[in-house]
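Heads up: the protein sequence lines correspond to chains A, B, C and D, in order.
Under my numbering, the first residue of the first sequence is numbered 99, with each subsequent residue one higher.
Under my numbering, the first residue of the second sequence is numbered 1181, with each subsequent residue one higher.
Under my numbering, the first residue of the third sequence is numbered 909, with each subsequent residue one higher.
Under my numbering, the first residue of the fourth sequence is numbered 111, with each subsequent residue one higher.
Heads up, a few of these hints could be off.
[Unchecked claim] No more than 25 Å apart at the CA atoms, straight line, and that leaves these computed lysine-lysine pairs for DSS-like: (1) 472(D) with 412(D); (2) 468(D) with 522(D); (3) 412(D) with 970(C); (4) 529(D) with 468(D); (5) 412(D) with 529(D); (6) 412(D) with 1269(B).
Honestly, the hints are just simulated from the structure, not real lab data.
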Amino acid sequence: MNSISHPCTRLLDVRNLSVGFGRRGQQQTVVDRVSLHIQPGECLALVGESGSGKSVTARALLGLVGNRGTVSADRVDLDGHSLLGLSAGQWRHIRGRRIGLVLQDALVSLDPLRRIGLEIDDSLRLHTALSPVQRRERVLELLESVGMPEPRLRVEQRSGELSGGLRQRALIASAIALRPPLLIADEPTTALDVTVQAQILQLLAHLKQQGTAVLLISHDLAVVNRIADRVAVMRGGHIVEEGPTDAILNLPTHHYTRALIDAVPAGTPRGQLLVQERHNTPTAVPPPMPTKTGAPLLEAANLAKTFRRPDGSRFTAVDDVSFHVRSGQTLGLVGESGSGKTTVARLVLGLTQPDEGTVTLAGEAWSRQRERERRARRHLVGAIYQDPLSSFDPRHTVGQILRDAVGSGENGRSREAQVARLLDAVGLSSGIRDRRPLHLSGGQRQRVAIARAIAPSPALIICDEPVSALDVSVQAQVLDLLDELQKTLNIGYLFISHDLGVVQHMSDTVAVMQRGRIVETGPAEDVFRKPDHPYTRQLVAAAPRL
Amino acid sequence: MRAARWVVSRIAGGAFVLWAVATLIFFALRMIPGDPAEAILGGPGSQASAEALAQVRRDYGLDQPVIVQYLTAMGRLVTGDLGTSYALKMGVADLIGQQLWNTLSLTVLALVVAWGLALALAVWASRGGGLGTRVGSAMEVVAAAVPHFWLAAILILLFSSTLGWLPPISTGGPLGLILPVVTLAVPLAGFLGQVMRESLIDALEAPFALSARARGETENGVRWRHAIRHAALPAISLSGWAFGSLLSGAVVVETVFARPGLGRTLLNAVTIRDIPVVTGVALVSALAFILVTIATDAIDRIADPRLATS
Amino acid sequence: MSHAQAPVPGLSAASGRVQPRTRNRTNAAELGAAAVLLFLVAAAIFPHLLSSFDPLGINPAKAFSAPSSSHWFGTDESGRDIYSRVIYGTGQSLLIGVTATAIGMGLALVLGVLGGIGSRSVDFAVTRLNEVLFALPGLLLALVFIAIVGPGVVTSTIAVGLSTAPGYARIIRSQIRAVRGSAYVEAATVLGRRPVTILARHVLPNAVAPVFVLATLGVGQAIVWASSLSYLGLGAVPPAAEWGAMLSAGRTYIGTAWWMTVFPGAFIVLTAGAATVLGRSLQARTRQENR
Amino acid sequence: MLKHRPVTPKMFRGTLAGSVLLALTLSGCTTAAPASTEPVAGGTLVYASGDAEPTCLDPHVGGNYPQALVSTQYLESLVSKNSDGEIIPWLASKWQESADGLSWDISLRDDVSFTDGTQLDAAAVQANIEHVQDPATASSTGYLALGKVTSTEAVDEFTVRLHLSAPDSSLLDSLSMPWLAIQSATALQRSKDENCQAPVGTGPFVVESWVKQDAVTLVRNDNYTSPPADADHDGVAWLDEIQWRFIPDSASRYAALQAGEVDVIDNAQPDTIDAAEATDSIHELNAPRPGASNRIELNAGKAPFDDQRVREAFIRAADINDGIDSLFFGTAQRSYSALSSIEALGVSAPEYFTTDVKEANKLLDAAGWRERDNEGYRVKDGVRLSLEFPISTNQSIPAEVSLFEQIQATTKEAGFEVKLSPMDLSSWYGALGANQYNLVSAPYTKVGPDVLRILFHSDAITPAPSGYYANHAQVSDPELDALLSEASEVTDANRRAELYRQAQDLVLSGYYLLPLYDQQNHYLVSSAVEGLRAMPTVSTPTFYDVWLNR
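I would like the entire structure built from these sequences, with the hints used as guidance.
Listed below in structure tokens is the structure:
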């Protein structure tokens, strides 16, 4: 039977777990004397930023650090039995049966070439003596239990044919097929839309209620807040702080924990910086060109765009969308994946022509122009992308990228000076000039992208998910930078994000998109406090908060 | 529905390519210096008389304007008539019909063997750790760099002349097929093996492999139930090209092992400038290549459903 | 499209289906390959420094000598030193490989760039033309070409180059298309750069650079195919010390003088293998640099 | 003719070859079963030819040696020769030349029928001669041999009369060749394609099928009645069947013989003949072809060989005896004659062909080629002493090509630049037709010394419509023309011999050619094959007397 009957025993007890990689002599310790424990029916969250060692810890518990890793510990007990020094066969006995693992993004965590039914069936086949018919029944039951609609249809599909939420459910079903007392969930909701994320978290909470212990690994404090009983904060291979969720979130003792919590933009008012220490306010960049009197900086009117699918059918990506952005102001555009946000960004950037409607920039026509006519005013609009690395020519150094952005009008020396000013403005040292973006950190890359965007002195910058790929603390720094630049340079932002917290923190006005349409628009505070449209309400309710 | 449309569009594309190949070759071969009528009568050594030449020109329609000749040839082509060999004085379609099976069985068998070898090599290289990978990849590189005729010579020297195990020429029996097939398959296996090993190692490190291991799957289970299919995908995509390279190799292998087949027919035809045969063999191999490409693409779509939907 | 593959493995990996492997350290194989190629280049430029016999100097009395301390690789039917012939043949064999690849690459650049940057109809036409060329597998295309122009070392080099062109063209085209659709080209457009500038500054360098790496792989294969044509009697001719021609001559005597076949063949394998190892490591490096 | 050579202990040449020899020796010992001495009927023999596959099995069409090889098994000629070179009866029982030499009466055997059942008679012979002379047949060798035949006449059912434009002392020689073999008149009326596919004759075998690029299958003619007078036995052939295969790669061909996949191979390479000497299981049949010797012809029709001194200098500069020894492993004898050693009227003149570089240099200086350029080649008026040498890779075996390379190397000392260009047959004919050559080696097989007229009469410089001509040396000498014309017409044997002697002396002393050796014609034969001999006519092997001892 499961462990509910022994509520006080420690299901998992880990003392001083260390994991190192590399050859002997030049070993690099990734996990350093980590101790943790979980009781049945409890959820422990292991929180940290990328590279903190949280995922390696999880893999070590399954004996899956690989050949090049060395694991040592004073104790790793599961249900009273030590997991140290197990043979390969003994490990297989533990995996799947005693400990289940759910990874991020089931698109690649389930074999994309196999039917999901088969993937779930594997667990049963490996650990039980059930007949194929019985196993099939059990697979259907499992799918039903994780809330998969039409399980009989779904077992025949592959992960690529399912939506993100459904395939994550299938992945969970395969992990819990044998009702393992411990479930390790490694970033189980990352890359999911908020509403779907909420559903998956609910499913995990449900499992927890049924007595399964959950080790939840996440970078997102807000997600953790939803279901974790206790939180352990990891940094650089160490657990820096550990305690009940409420205590940690409300009264963090370690400064790193505090910094992490401060960095979460949700709930931090517009204009307030997320990071305490900050660099010098940039000054030396010339102010942007004033717009024509009274007109908004950017005006989009009744934009519509349809695309042709490979099978010939058409689908409407953007449908009758209107909005405007004013100088020095931010319009936040929020919506889930596939809602048409990025198409709007491309229409505004003049990279795609609208089927209907117009875009007006600084009072003059911007869309429905020849590129040649638009080019003279290109400098007015900048762009920052989600993945800055792919937006840089891989052959160019930071210096080349920025010199290129400054433009050919300047002579060599003043161009160099300009580049130096730009680097300074985004808080990068000038030593970075000769490096290639590939060798920079995510935060540095996004700073370079910002420097490039402001180089031609734009009046408007389109920010398309600019911080989605960044760790919370880096995200906070970048958001602060964008905020500061807006104040100094009076730039208007069209800020696109799926993250309600980020949008709320950054925007003066918010527009909510759903299936190509703007369903609600208004001042940020109002929209988030008193959502009008049912969809907005659903989004706001689903968004995890601290 | 989508699959049907795909098949129809591929077949239409193939038909176009075939027509273009035929046209290209028709006009290209018209640039050959020398009188085709002379070639028909056995080349410059034949001492053909002027009357005989004139007779042949009439018989083969060589006195017609080029455009008429072209249209006639295309018209015949539609009905499957590839013309008459200058040298062998028989229908090219019949000639190819006699040889086609020989070459197809050789190349298809070689493809299968190459696949098997590549798979074995890739699996072995992926599991052996450091040394296995190094030895395996070295073998692949060497195999891929071996010229067919050299390999054939070495194999004959070893297995026929020295050991006496296998016949050095094709004998019609299955034993005579072994050396030609191995000769053709080894270089290809080197290529496919390199591709397979890379994707196999990638697949073994992919998240779904981690999921499977976490489920309690054995390493062999991960390898055979999951990774192998991913490793096979790029190799399947390459199989169309691989078949083409086997057709190329067949020219050499059929010559060395004295096997009747399209490759040898083509080589002979090229040396004696037998234009209808050159054209016919080129067309038939283009057709075979197109069909195999369509087939491998179809297999690709079945093996990887992501392709069909994206 | 999934059939957009090419005559060199590793390209399917470039299509993005496979994750690039990260490597930084130079391994033993790469060092070995570099050493081999260095030796070959030295042999091509200064053959007289590496060998002691006249590659064309006959000595009927010493014909068919087995490898020995004075003739490392033995002698051939006219008593010529095979080691010296192999060394002196390096230049011509490498030249054939490089020239064939350059011809293939040159033609492919024209086709690929036209298809990559041309309008939809130009791309369509070029792509169809390429499909037509591709439908004739390598050696067959070469043979048809030889049927038209006649045999010889120049012809066979051109023929090999010609037969590699469609593969390269296909890769160049899809590379250009991929780069044109990349975020950094878009970023350059947003910065207001002219199409010509973007083409010259971003598209061509990024699309063509990996193809040159590919050419390294191609040189090895070109040598192999050119030697096949020599073997079939359609390429280089004796007494030239070209490896394929030497092999072709040695093949006759394989029963009695195996060294005439084994050593020149081993050099072809060595060259093609070294080119492959080096090409692939370059490929891995550029891929890693670029993504 | 079969040479049985004992196993001789021999130094192993390297390890691999050594083990080959060892394996052969061993297998030779184990298969040495008690030999039967009485012929055994039955069995299938596999013949592997290294020649190009004929495009037509009817030797009237075109007319080359590969056709002669295979057709010897199913077609027969009017007359044959014995090993002394005398004409003997075959399908013809007797013959009579008219007094003026302008007509021949040929009497046929009356008991021979073709394998399609029709009777051999005078009409059949008429039909054959018509067939050869019909332009549509595109006959070349046969057509030339019948050049003086103007018409035919059936004297009675079994006697045919040939009318000639001039006396022809070589007529019987010509009629003995396979290219003028007699086929069924009924069969000749079929379309050319059909006749090419399966000619119908009177021979000991019948063409059963021909799968192009693969094999010709010949089966025994069970109604065979017409062996030549010098055959070993009467009645039908011993063998049930012959598989006639084409294996162009010489190494594969020999390997197949070693492996026992085939029983007889032709175009045996010198090194394999040498290797076979060491075994019990393989024997050699050496049958030099009649007609011309293998020789290099010097194109006297253009500079620099229009100067006899330059021709002589080249011949004196070329050192080839060592090369022939090493390249041919002692299987080829140096020739100093324009004719094959089996031609009784051949004249051998070694004195013209002694190597003497000093003499060569002196001759070249005298001819005005005094300077040398920095590569060591002689120059005159700014032109290098450069010689184009197109080589037909179809006709010259690798050892011969190697010999040419050695000639290239040795004549360089005297300052000649020889440019070797191996090429395929079409290109080679093309180069000859365009007169783009100074040196060339072209085999010519014909029975009898009349081949001299074909090769050296100035008429043969004028190309046929196709551009082909046989006088590659472009010898144009009225005195020689007269000698050759007369020789082809005289009936008196002594006079004929004297004329040919004078003609050969003119050709050899004019340094028009550099004889190498007889046209090599080596066969390697499994020891299981008994009774194989070459026809004394054009040296094609006949399988009529062959039986398998296994």
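Each hint, compared with the structure:
no.	hint	result
1	472(D) with 412(D)	21 Å, holds
2	468(D) with 522(D)	13 Å, holds
3	412(D) with 970(C)	37 Å, violated
4	529(D) with 468(D)	23 Å, holds
5	412(D) with 529(D)	16 Å, holds
6	412(D) with 1269(B)	39 Å, violated
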